[in-house]
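Chemist: So you can see what is in the structure, the chains are spelled out below.
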Amino acid sequence: MADQTYDRRSVLRATGAATAGVVLATTATTVATTSTASAAAPVFAHGVASGDPLPDGILLWTRVTPTPDATPGSGVGPTVNVVWEIATTPDFARVRARGRVSTGPDRDHTVKVDVTGLLPATTYYYRFSLDGAVSSVGATRTAPAADAAVSRLRFGVVSCSNLPDGFFAAYRYLAERGDLDAVLHLGDYIYEGGGGGVRPHEPAHEILTLADYRQRHAQYKTDEHLQRLHATVPVIATWDDHEVADNAWSGGAANHQPDTEGDYAARKAAAHQAYFEWMPVRTEADRIYRRLRFGLLAELSMLDLRSYRSEQVGPLDPGLGDPSRTIVGAEQLAWLESGLVGSGAQWKLVGNSVMIAPLQLPPLPAAQEAALTEMVGQTEGPSVNPDQWDGYQSDRRRLLTALKDNGVRDTVFLTGDIHSSWASDVPINAGLYPLTPSVATEFVCTSVTSDNFDEILGVPPRTTSLVLEAGIQALNRHIKYCELDSHGASVLEVTPDAVQMDWYYLANKADAASALTHGRSFRTRTGTQKVQSVGTPIGTT
Amino acid sequence: MSTAISRRTLLGGAAGAAALTAFAPSVAMAATDLRVYVVVVDGCRPDEAAGAYLPTVRSLAAQGTSFAAARAVSIAETIPNHVAMMSGVHPARSGVPANSVWDPMLGEVRDLGLPTDLLAPTLLDRLPAELGLATASVLSKDYLFGVFGERASHRWAPEPMLPITDHAPDVFTMQALIDVIDDHDPALVFANLGDVDRFGHADLTGSSLRLLRTLALIDTDAQLSRLVGHLRRTGRWDSSVVIVLSDHSMDWSLPLSLVNLAGRLDVDPLLAGNVRIAQNGGADLLYWVGPADQRPAATDRMRQLALATPGVLSVVDPASLQLGANAGDLVVFCKAGWRFSDPDVISNPIPGNHGHPATEPIPLVISGGHPAVRRGLVSSAPARTLDVAPTVAHLFGLGAPAGGWDGVARTEAFTGVPVGN
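These protein sequence lines map, in sequence, to chains A and B.
Throughout the first sequence, residue numbering follows the numbering used here, covering 1 to 541 in sequence.
Throughout the second sequence, residue numbering follows the numbering used here, covering 1 to 421 in sequence.
These are calculated hints, taken from the structure and not from any lab test.
Note that CB positions come from ideal geometry on N, CA and C, so glycine has one too.
Hints may contain errors.
[Said to hold, decoys possible] Non-contacting residues of chain B with respect to chain A, defined by C-beta distances greater than 10 Å in every case (computed):
#: 1; residue: A68
#: 2; residue: G337
#: 3; residue: L377
[What the hints assert, rightly or not] Chain A is faced by these chain B residues, among others (derived, beta-carbon under 10 Å):
#: 4; residue: D47
#: 5; residue: A49
#: 6; residue: A76
#: 7; residue: T165
#: 8; residue: T234
#: 9; residue: S249
#: 10; residue: S314
#: 11; residue: A358
#: 12; residue: T359
#: 13; residue: P382
Can you build the whole structure from these sequences, using the hints too?
Modeler: What follows is the structure in structure tokens.
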């Protein structure tokens, strides 16, 4: 019996995140070990998830529907106690820890449990139960011990999953690989817009209220591929703009009109609350930027590039270099800088929702310029993208200069946002590159589904884009790879010798069963601060 | 000065005798097959070690273990890091925190190039004394030859010395290294190849093309290839552990990107006339020589003025870096692309400098033909120059010195150590 395999201490190591008085005594209800429940069970209709792995802990997540009327965003339904348990085998013959956590309509019946007391670099299985209903079993994995010599890590890397734009087959691909330590989601996990495409958003209108955001998160969490991904591997997520509204900044968003949509602060608070409820992220005082360590091999700094940033300015505005404008905020910048300079890990990975490598765009025909503007978020003009770090050059220079001044090697920015694939060296002075050194590298994953260049232009893929891609690389000597058409997922392998990113592309994002095939691979060798093309993708062994 | 004279005497005596000056070992040599060669490519950057111009280093890395996160100890200068390699202890214990310090007895700034400057035991003297194993030092710079004094069983006095760079070219240093191997077959040889550093210092194209530097890299690699080839030809390869590393990296500044602190400190009413500066390229050591009761206020003022100076990266308490008392009251580091020039703006005209944090990353490769060497490993461990001594000691079965090691034996580079006894 599972009851015989855990002790009270292990139970008490766990706390329920964001819930009051999560207590479990040894009298906790035992989870039925012969459950036939599945993800389709109504009580656990939104699946299970884990996230933010630590050497001794993991965050577990689920959502319960205790009564038929307790639908997401409804604000109704009883307060219930949900039992969780975590084991080293999928049959739960050896339960490591078990507990009970309270949830109710105040948190939209979501459940978050921050389990501690686990073993490092270990695969665990977990499940939840409520009144005899048992969730599907999720698999997860803790991080290596902080001082461990780690020979290899593999992460999935994804961003920009607009549900109406297609199916999440890229998530399915990552779930099926079976070799990932975690998946990094770099933002735009949900989109705020209404309407439909391949499949309609719920609710059908642009989301504005807490109930709206809860319902939208709930819709995404019913996607079969997304559920499968979450049940297979821990996810480390940060948000970008669409978790609130397009081109968000600290006090507003391009896609927010106060006159008709109300107070932006209230909207942002609602969006953040729903995000914290529905995502397996560990937060402190509503702060989402955080750092995770993976032995001596790597440290991952996940950034928040929306909550503290100054309002975007135009692409030719002198404010682009104004040191009073910020993309990260003073506190987060100091945290990031000191963390990178003082890191005890070899590879400094930065989960970075918008591109940091400078980007100059060649002169374009009007239609192509408009398409690119829509895709990368420019407000106007062809020269720079002020929604990215290009629009906050003082912060970028300070950060990159700190890397150079302190001899920080092996910093890799992992980026989403712009629905396309990029691999770049990151020099401080791109205009003189390669006569000036590169101080870091950047890999940008493409979108899971969100439209990009060919779709916005309405042209076949790999036609018009080819000319623009060549122009971008000719104008930007530090950019070694640029692909504007494909969707999919990336796989990142970290070894002491190199960090390699493989881009896998969807054959058809409108087909839920679409296959993904290897597109390109780039790597950065240790100590080089440069990317180079690689012919062979990472194996699956 | 007496110290300067004694140093010159030591150099002159050795160089006057022969290029290779052998001293009779004081103890009988122990029988052991293991040979360890620690070769410092002075001033080499990690990206250069992995690049096109050092194929021998790349080959050694492929046949051994390379440490991707290796760094010099601060101050990232030549003498303290060579001392760290052979002593395995922090400068606070070795007495050697920088190349140049203020000497209150002499009343002047001087290099730490005297045998009496080094206070800690080193492998060069401990292996002969405690295990009866012969050691040798083959060091291309006179201050290195000076600071290690008569510690090694066999010592080469660098010559011929180039007049401006003040070091022996690698081609001569390597010949001396090969000669000492052939003539004495020491268990441990500690060598310094100075060309990459010296031509890097002088490279006016260092900020861009690095023309001189590149030529030096190509030649130094050829010398390393000579060593490997010689060990193979003479049947020593299979019993050899070869450690190739640098003591610090290198950074280049444009002519006007200099920091002169003396000019700012000397005009301050509190500090005027009572501050001494030991300039170490990318780091300045500041010494308060005024009344002791004014030291706290003076230190605060020095910190304040230094931090307000363009090009200054940080101001650090020497104790936080475990530098010891002779490192002074404050250490000031410059930013990448800058250099210190003290006491005058013309004191340091050379473009290539080190000592600041930007120059701490180093290549470190543990390789060789010995069967205990692990092949093809890249390690993330935060290795430092301090780790060389405990690693080599571990191979020979030599225990830690009194007070223990400050470095870490990098045993991940081997299988089944120790192998020496």
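Chemist: Now look at each hint and say whether the structure bears it out.
Modeler: Here's how the hints hold up against the structure:
The non-interface label for B:A68 is inconsistent with chain A: the shortest C-beta to C-beta separation is roughly 4 Å, within 10 Å. For B:G337, the condition that its CB be more than 10 Å from all CB atoms of chain A is violated, with the nearest at approximately 8 Å. A beta-carbon of chain A is positioned within 10 Å of the beta-carbon of B:L377; the least distance is around 8 Å. With a least beta-carbon distance of about 5 Å to chain A, the hint placing B:D47 at the interface is held under the 10 Å criterion.
With its C-beta approaching chain A no nearer than about 8 Å, B:A49 sits inside the 10 Å limit, and its interface hint holds. Hint on B:A76 holds. Least Cβ distance to chain A is approximately 9 Å, under the 10 Å limit. For B:T165, the suggested interface contact is broken, since its CB lies about 25 Å from the closest CB of chain A, more than 10 Å. With 10 Å as the threshold, the beta carbon of B:T234 stays out of range of chain A, its nearest partner Cβ sitting at about 32 Å, so the hint is violated.
Annotation: interface hint on B:S249 holds; nearest CB of chain A at approximately 7 Å, less than 10 Å. Checking B:S314 against chain A: minimum C-beta separation of about 9 Å stays under 10 Å; hint holds. Satisfaction of the interface hint for B:A358 is found here, the shortest Cβ-Cβ separation to chain A being roughly 5 Å, below the 10 Å cut-off. Using the Cβ-Cβ criterion of 10 Å, the hint placing B:T359 at the interface with chain A is satisfied: the shortest such distance is roughly 7 Å.
About 6 Å separates the beta-carbon of B:P382 from the nearest beta-carbon of chain A, less than 10 Å, and the hint is met.
In terms of the numbered hints stated before, the structure departs from hints 1, 2, 3, 7, 8, listed from lowest to highest.
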